[in-house]
Amino acid sequence: MDLLEKLDQLRARGLEKINAAADTQKLNDVRVELVGKKGALTEILHAMREVAPERRRQVGQLVNEVRDLFNEQLAQTRHDLAQALIAQKLEAEKIDVTLPGKRLSLGAKHPVYLILDDLEALFIGLGYQVVQGPEIETDHYCFEMMNLPKDHPARDMQETFYIDNENLLRSQTSGDQARVLEKHDFSQGPLKMVGPGKVYRRDDDDATHSHQFMQMEGLVVDRNVSMSDLKGTLEMIAKHLFGADRKTRLRPSYFPFTEPSVEMDVSCFNCDGKGCSICKETGWIEVLGAGMVHPNVLENAGIDASIYGGFAFGLGLDRFAILKYGVDDIRDFYTNDVRFLAQFRQEEK
Amino acid sequence: MLVSYNWLKDFVKLEVEPHALAEKITRTGVEIAEVKHPATGLKKLVAGHVLTCVKLEGTHLHQCMVDVGEVDPIQIVCGAPNVAADEMVIVALHGARIAGNEKIKRGKIRGMVSNGMICGLQEIGFSDSVVPMKYRDGIFIFPEGSDIQPGEDVYHALGMDDYLLDFDITPNRADTLSMEGAAYEVGAIIDQPVKVEPVSLKADGPAWTSTLTAEVDAKLAPKFYLRKVTGVKITESPLWLQTRLWNAGIRPVNNVVDVTNYVMLLTGQPMHAYDARTFKTGKLSVRLAKPDETLTLLNEKKVVLDPADIVITDGDQPVMLAGVMGGLNSEVMPDSHEVILETAVFDGTLVRKSALRHANRTEASSRFEKGINWDNTQKALDMAALLLRNEAGATILDGVLKGSDTKRKPVTVKTTFSYLNKVLGTTLTTDQVVTLFNRLKFETQVARDQLTVTVPARRWDIMIPADLVEEVGRLYGYDNLKSTQPLLAETQGGYANFELFMRHVKHFLQGQGLMEALSYSLTSKARATLFTKAVQPVAEVKMPLNSSRSVMRQNLLTGLVDAASYNFARKETELAFFEQGRTYDHADGQFNEHEHVATLYSGHVYRNNWEHDEAPVDFYFVKGQLENLFTTLGLTGIEYRAEKITGMHPTRTAGIYVQGDYVGFIGMVSHTLTQTEKPLRNSELYGYELDLEQLSHYLPTSTQAKPAPKFPAMSRDLSVLVDQAQSNQSVMAAIRQAAGNYLVKLSVIDVYQGDHLAAGKKSLAYQLTFLNENATLTDDLVNEKMAAVTTALETNLQASVR
Ligand SMILES: [Zn+2]
Numbered sequence: 001m002d003l004l005e006k007l008d009q010l011r012a013r014g015l016e017k018i019n020a021a022a023d024t025q026k027l028n029d030v031r032v033e034l035v036g037k038k039g040a041l042t043e044i045l046h047a048m049r050e051v052a053p054e055r056r057r058q059v060g061q062l063v064n065e066v067r068d069l070f071n072e073q074l075a076q077t078r079h080d081l082a083q084a085l086i087a088q089k090l091e092a093e094k095i096d097v098t099l100p101g102k103r104l105s106l107g108a109k110h111p112v113y114l115i116l117d118d119l120e121a122l123f124i125g126l127g128y129q130v131v132q133g134p135e136i137e138t139d140h141y142c143f144e145m146m147n148l149p150k151d152h153p154a155r156d157m158q159e160t161f162y163i164d165n166e167n168l169l170r171s172q173t174s175g176d177q178a179r180v181l182e183k184h185d186f187s188q189g190p191l192k193m194v195g196p197g198k199v200y201r202r203d204d205d206d207a208t209h210s211h212q213f214m215q216m217e218g219l220v221v222d223r224n225v226s227m228s229d230l231k232g233t234l235e236m237i238a239k240h241l242f243g244a245d246r247k248t249r250l251r252p253s254y255f256p257f258t259e260p261s262v263e264m265d266v267s268c269f270n271c272d273g274k275g276c277s278i279c280k281e282t283g284w285i286e287v288l289g290a291g292m293v294h295p296n297v298l299e300n301a302g303i304d305a306s307i308y309g310g311f312a313f314g315l316g317l318d319r320f321a322i323l324k325y326g327v328d329d330i331r332d333f334y335t336n337d338v339r340f341l342a343q344f345r346q347e348e349k
Numbered sequence: 001m002l003v004s005y006n007w008l009k010d011f012v013k014l015e016v017e018p019h020a021l022a023e024k025i026t027r028t029g030v031e032i033a034e035v036k037h038p039a040t041g042l043k044k045l046v047a048g049h050v051l052t053c054v055k056l057e058g059t060h061l062h063q064c065m066v067d068v069g070e071v072d073p074i075q076i077v078c079g080a081p082n083v084a085a086d087e088m089v090i091v092a093l094h095g096a097r098i099a100g101n102e103k104i105k106r107g108k109i110r111g112m113v114s115n116g117m118i119c120g121l122q123e124i125g126f127s128d129s130v131v132p133m134k135y136r137d138g139i140f141i142f143p144e145g146s147d148i149q150p151g152e153d154v155y156h157a158l159g160m161d162d163y164l165l166d167f168d169i170t171p172n173r174a175d176t177l178s179m180e181g182a183a184y185e186v187g188a189i190i191d192q193p194v195k196v197e198p199v200s201l202k203a204d205g206p207a208w209t210s211t212l213t214a215e216v217d218a219k220l221a222p223k224f225y226l227r228k229v230t231g232v233k234i235t236e237s238p239l240w241l242q243t244r245l246w247n248a249g250i251r252p253v254n255n256v257v258d259v260t261n262y263v264m265l266l267t268g269q270p271m272h273a274y275d276a277r278t279f280k281t282g283k284l285s286v287r288l289a290k291p292d293e294t295l296t297l298l299n300e301k302k303v304v305l306d307p308a309d310i311v312i313t314d315g316d317q318p319v320m321l322a323g324v325m326g327g328l329n330s331e332v333m334p335d336s337h338e339v340i341l342e343t344a345v346f347d348g349t350l351v352r353k354s355a356l357r358h359a360n361r362t363e364a365s366s367r368f369e370k371g372i373n374w375d376n377t378q379k380a381l382d383m384a385a386l387l388l389r390n391e392a393g394a395t396i397l398d399g400v401l402k403g404s405d406t407k408r409k410p411v412t413v414k415t416t417f418s419y420l421n422k423v424l425g426t427t428l429t430t431d432q433v434v435t436l437f438n439r440l441k442f443e444t445q446v447a448r449d450q451l452t453v454t455v456p457a458r459r460w461d462i463m464i465p466a467d468l469v470e471e472v473g474r475l476y477g478y479d480n481l482k483s484t485q486p487l488l489a490e491t492q493g494g495y496a497n498f499e500l501f502m503r504h505v506k507h508f509l510q511g512q513g514l515m516e517a518l519s520y521s522l523t524s525k526a527r528a529t530l531f532t533k534a535v536q537p538v539a540e541v542k543m544p545l546n547s548s549r550s551v552m553r554q555n556l557l558t559g560l561v562d563a564a565s566y567n568f569a570r571k572e573t574e575l576a577f578f579e580q581g582r583t584y585d586h587a588d589g590q591f592n593e594h595e596h597v598a599t600l601y602s603g604h605v606y607r608n609n610w611e612h613d614e615a616p617v618d619f620y621f622v623k624g625q626l627e628n629l630f631t632t633l634g635l636t637g638i639e640y641r642a643e644k645i646t647g648m649h650p651t652r653t654a655g656i657y658v659q660g661d662y663v664g665f666i667g668m669v670s671h672t673l674t675q676t677e678k679p680l681r682n683s684e685l686y687g688y689e690l691d692l693e694q695l696s697h698y699l700p701t702s703t704q705a706k707p708a709p710k711f712p713a714m715s716r717d718l719s720v721l722v723d724q725a726q727s728n729q730s731v732m733a734a735i736r737q738a739a740g741n742y743l744v745k746l747s748v749i750d751v752y753q754g755d756h757l758a759a760g761k762k763s764l765a766y767q768l769t770f771l772n773e774n775a776t777l778t779d780d781l782v783n784e785k786m787a788a789v790t791t792a793l794e795t796n797l798q799a800s801v802r
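Line by line, the protein sequences give chains A and B. If you read the first sequence in the working numbering, its first letter stands for residue 1, the second for the next number, and so on. If you read the second sequence in the working numbering, its first letter stands for residue 1, the second for the next number, and so on.
For the record, the hints were derived by calculation from the structure and aren't laboratory data. Among the hints, erroneous ones may be present.
As the list claims (entries may be wrong) - 27 Å max Cα-Cα, derived DSS-like pairs, lysine-lysine:
no., chain 1, residue 1, chain 2, residue 2
1, A, Lys-239, A, Lys-274
2, A, Lys-150, B, Lys-290
3, B, Lys-533, A, Lys-198
Bear in mind that the values here come from a model prediction, so they are computed numbers and not experimental data.
Make the full structure from the sequences, and use the hints.
So, in structure tokens, the structure goes:
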């Protein structure tokens, strides 16, 4: 057979073999067989002696062309095989990205503390100090300093847990006011404080009563603090907590430690003031009590009430949480049911 | 108090409709909790004249023919026991609506057509507590002489077309617990004149005051006035009087009792009427009760009197608990002809305590305890006598017996216009302020900035300038005040350092995946001192609501175990809680409060794990969480000592010490506890509790930065075989001591005890990391240190090192 014919056949057969190689091992075998030192092309080169000298050059060129072709094809196939291998490996590594993640437990803030922290941040921004007093309070600080002497009828209004004749579980955070007033040095600037904390009343627990709850006391005293300042501050609190579109109203009220005393209502969230069962058809919901510090409270703490005056307010944090989040049973705050607590995570800001 | 809108019109011209008036009063004076309109929802209720009434044999029913103002009388079958011919009654016609939105239709009863229903008062919406006793179990019968015709709507005659404003008063505004007081308040609010008329009374009987001596302790009863009337005919009161009482929530009884209640509603002065036969010895005294004296009250409650109760006596026996309620032994009876009327001012505090002590608060006692108008004693007495002349045919004997008659000076309060404006934040003129006081009918005297206000006795709540601020502020209108922020010297808001620290701990724990719990501070005596290393005397409340909430907790973990139990019972067992709060004790004779934090874990490290990587929460997981907390706080020198704490697992609990001081504990809740709590049975709860005040003492002050090390560290592994009883902590301490200062990190990399080791032995493997911050460490030096460690372990701990 003519060498050229042989070369033609080898080219065809070689390409077929390269293409048929299923893996790199087989491809290597084919490479050795075709272009290896003892491969088919080498064999053809060895057979050059049989070719007429004037054609050797042409045949040699053809052999080189076939070698180049083979090498090129081998490289391509090697690349393809490698790609296929990677693809295969990646396919093997494939995961279902829609399966859920592996989760550690997720923390959450208690709803009453959500309200507390929110208000603390608001007041700190306004220059208030956060102050905490004792929960086991003396009758002296809880009542007498707050203008509630022993026989004051308002003491019946709040049933108190007494420990002994002098010590009690505070029924209001107002005692913090007295303690701070006694200590404050007005030459160092005005007094602005909020006092958050637990308070206790001898109430049987039910949907709307709790023997323990959280209050925040606020107090601002200086030479020029007016009831208009109180009004502005209370409106800011109400709008901060319940939304800028809430209407507010102040009503005269009575607390022994403030005079004048007021309560603030906000327009009902449920009916927007039209009247519904939640607001007892009044269109208003009571949210807090406040007033101008009673001169007796100032004098009891050794402050000259003819010079200094100010306002105080008391915020019921549980009540705020109830109103803001639509909770219908105050006991839900104290049973620590994880299903209940988990829902407030998104409220954190 | 329920204030009648229609009655109010007797005193003040009202051009504002009831609901708008209520809103005005609420914003300016007293909260109106509700405006009631008794006729609301009622329809087709008319007066009917029973023409004939035939009892149906063998039933309780009556066949009645009733004139309801139509051409022909209608037939109604009625089951009420007190229905009879010739009565004027309330008829619900066919198509009527009665209480509870119930519809009345023509129907048949026992085969007889009934064209409606004859009603009792409860059936048309009256509260059981105001219905006169004789109509309580039957239909209502209009008293003779009532101004109503058959067929006429009943609402007006029964006072149901009225609007009743529920004055939800605060203790300082008891002046509005009377129609006159309410009228003054409303007049001031709507700026209208108030017409309160004096009583002028001419006695028509002989003088009587010499027939009775009244010995009155003026400290107990500063004012004590009596009048006597004779020839009284006890009957049912006229309808106008009854409607005013029941609209105010008071049950009509008879004309004498009703008159005293009416006068109280009108003037705010509580009254009492005695059967004059009570004082047949001619003596009366007002004194404190003697020990063991008893009195049966009008409501048939027998009380053992307390030496702090004021009583009125017949000279010997108590006949009335002063200011609270009369005694049965002096009650006005159907056969009473002579009546002694009393108006008095009693000591409010003593009356309040009496009413509380005997659980017998009344309309009268609630007025005395909040204060009454000292100026109304005479007027109320005369008014009652006058009404008894009109309504009970009484003859009024001449003279008022005054057992005591303490005078009170009118209160004057001095202030300045500038003070009023400063406190309110207003710029009111002198005229504006004076006009407001004129509306209140307070006399004013003005001298430039000085203002002197004379306060009438009916406003005994006003005593100091701040009270005047309130009057001016509320009448000017809180709505009209500006809304401003205090303009004060700058203050820096913020937390005290310890408050910051507590909040940092809370935020960190929340970030670690713990849910914040909030528990009650009061718990049972037993639980209060669980989980407490050094139990202190407890703080216990005197009158607990129940024994499970009687003692202030000395630990927080109790609350979290309760929370776990609650959640386990609801099949929620994957828990990670923390609580930050106080513990309380009574150590060293004083009450102490300590800020603590506690955590509780149960279930698994991962939640909802489909890969079955079910690592349960265990001691070491929780300890790792705690160690991270300590690291983030920068605490060093922490030591864990196996320790027994009540309530905790005895061999899985450690006391935590910082620089030698106890700060808390970590471990597993004891089986004893979880086995006795049904939902927690067989569960493993882990947690820790820390005293944050203790911890705060060891917090580093501030960080002084140093550059990251320039030289590489070198690590060596070490395997140590020791007795099982030997703690890791002791091995590590020995390694640290021997390894010197270049040892910067020491970690446990393996713990093994089991088949391949000798009995009673365990193998601990450590990685030691050495670093010299100033130079490259040599192998030789590290080898030297490792050799020293080996020697130390072998000699001091009898360990073998591999
Ligand atoms: Zn509403």
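Quiz item: Tell me, which hint numbers fail for this structure?
Solution: none
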